[in-house]
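Chain by chain, the residues run as shown.
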Amino acid sequence: MDPASLRAIALRQFRRSWVGQVGAALVVLFLTVTALAPLLAPYDPIATDFANVLSPPTRAHPLGTDDIGRDILSRVIHGSRVSLQAGLFTVAVALTVGLPLGLIAGFRGGRVDDLIMRGIEVILSFPTLVLALGITAVLGPRLIHALFAIGIVFVPHFARLIRGQVLTVKENDFIAAAHALGASDARVMGRHVLPNCLAPILVQSSFSIAFAILTEAALSFLGLGTQPPTPSWGIMLAMGRGYLEQAPWLGAFPGLAIFLTVLGFNLLGDGIRDALDPRLKA
Amino acid sequence: MTLELLGAALAVSLAIAIPAGIVSAVKRNSGVDLVSTVFALIGFSLPNFWLGLILIYVFALLLRWLPPSGFAPLPALADNARSLILPALTLGTALAALITRQLRSGMLEVLRQDYVRTAQAKGLGQGVVVAKHALKNALIAVVTVIGLQIGGLLGNTIITESLFALPGVGRLMIDAVFSRDFFIVQGVVLFLAVGYVLSNLIVDVLYSYLDPRIRLG
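Chains as they are written, first to last, in numbering that gives the first Met the number 0: chain A, 0 to 281; chain B, 0 to 216.
No lab work stands behind these hints, which were simulated from the structure alone.
What you were told as hints is all true, and nothing was included just to trick you.
In silico contact screen, one side only, chain B against chain A (beta carbon under 8 angstroms); selected entries:
1) L45
2) S161
3) I173
Quick caveat: nothing in here was measured; it's all calculated off a predicted structure.
Don't be surprised by glycine CBs; every beta carbon is placed ideally from N, CA and C.
Make the full structure from the sequences, and use the hints.
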């Protein structure tokens with residue numbers, strides 16, 4: 000079977016699963032909102048309006064306003080940018096570090112493999128959020144530090160996944176053929192091994208984006224991620240917590256936004272995985 | 000305190016997930032199955048700090064059944080339990096979702112096996128077959144998930160404790176981060192990491208109990 004037909008099969012499988020469809024729809028919605036944020040938001044997300052403080056949802060402010068009169072809808076819309084940034088940046092960090100490590104460990108094997116994998120296991124022995132918190136504590140509470148921390152925490156997952164893939168792929172005859180033709184190790188790794196490992200990486204990336212968005216929100220909620228006045232869903236939730244009784248809408252909508260976005264990327268990941276390998280279907 | 004919260008969360012998630020997982024596997028494609036599958040999908044994506052806020056809002060502020068935050072130490076058993084219900088639910092839901100999903104697919108796998116059919120052919124009741132033959136083997140996958148997720152659970156206790164103002168290790172860590180007290184941060188990170196590694200060790204030991212074929216080398 001040529002790769003085009005495999006891709007067609009995967010695409011057909013994907014169209015058949017409602018899980019993947021719902022996920023894709025949510026992700027597309029999220030990306031659209033992110034891209035068009037300045038056009039969609041009715042107000043400036045950091046403009047205060049002290050005449051309308053803690054206003055419940057009204058026609059002028061569909062999701063209400065917060066304790067200093069900022070429009071919550073506009074803040075939720077702009078907050079999506081922080082979340083997208085969080086998702087993409089962390090996966091980029093995790094891939095930049097994890098991909099070469101996993102590739103080399105799997106390809107070389109032996110002592111190099113041992114060295115890399117033991118190092119990876121050290122990171123793995125820390126609970127994710129705890130390590131991210133520890134790193135942010137040392138570097139200081141800033142968004143970029145938090146994202147970097149989350150990215151580092153993801154490295155082991157990618158490295159292990161890729162190593163496992165490489166171990167299976169490199170047993171194939173076409174790898175031996177490439178070596179026999181005199182291709183360098185780097186060329187074999189880049190041109191022959193890597194493309195055959197991409198599918199699981201795609202799935203893992205989707206799950207990781209979901210988890211990164213959740214973790215960024217959690218760190219911001221604790222006050223260690225995004226700093227005010229930048230609108231981030233986690234910060235908005237933390238503020239809503241103080242007004243839970245008088246103004247429950249403060250926390251309700253950013254929470255809903257986090258939930259739908261995370262759900263979208265998780266379902267998308269499930270859908271892609273089922274489409275690529277029907278045997279793994281849960 | 001943190002340990003008690005973890006235990007409670009684990010108990011809550013097992014109490015939800017084991018019946019849900021079994022029923023949805025045994026009565027596949029039924030209404031119950033659909034509900035628990037949807038629960039498993041949603042529960043996993045629900046940000047637990049948001050869930051916590053919702054629980055506080057509904058059960059503490061609207062209905063006034065449970066305290067919104069704070070912790071009653073152990074000798075006062077009833078108050079202690081009441082102060083832990085919401086945090087345990089907050090912490091346990093995501094895990095419950097994962098376990099439900101894992102248990103369902105594990106049970107479906109096991110129920111197809113020949114020895115299950117043999118047991119049914121012997122005339123054993125469905126309950127006995129499910130409980131004694133299928134469940135024990137499906138639990139291996141569940142134990143794996145729990146082992147892997149303990150780390151996430153430990154991390155989430157930090158959020159849960161700060162949300163419900165519980166005096167645990169997580170709160171200690173957050174306070175230390177803000178006062179830039181690095182020795183305490185280091186201590187807590189190390190403590191939690193050791194706890195995580197130990198719990199994975201326990202999981203490995205549990206394997207050989209659940210499946211005697213697995214021998215630890």
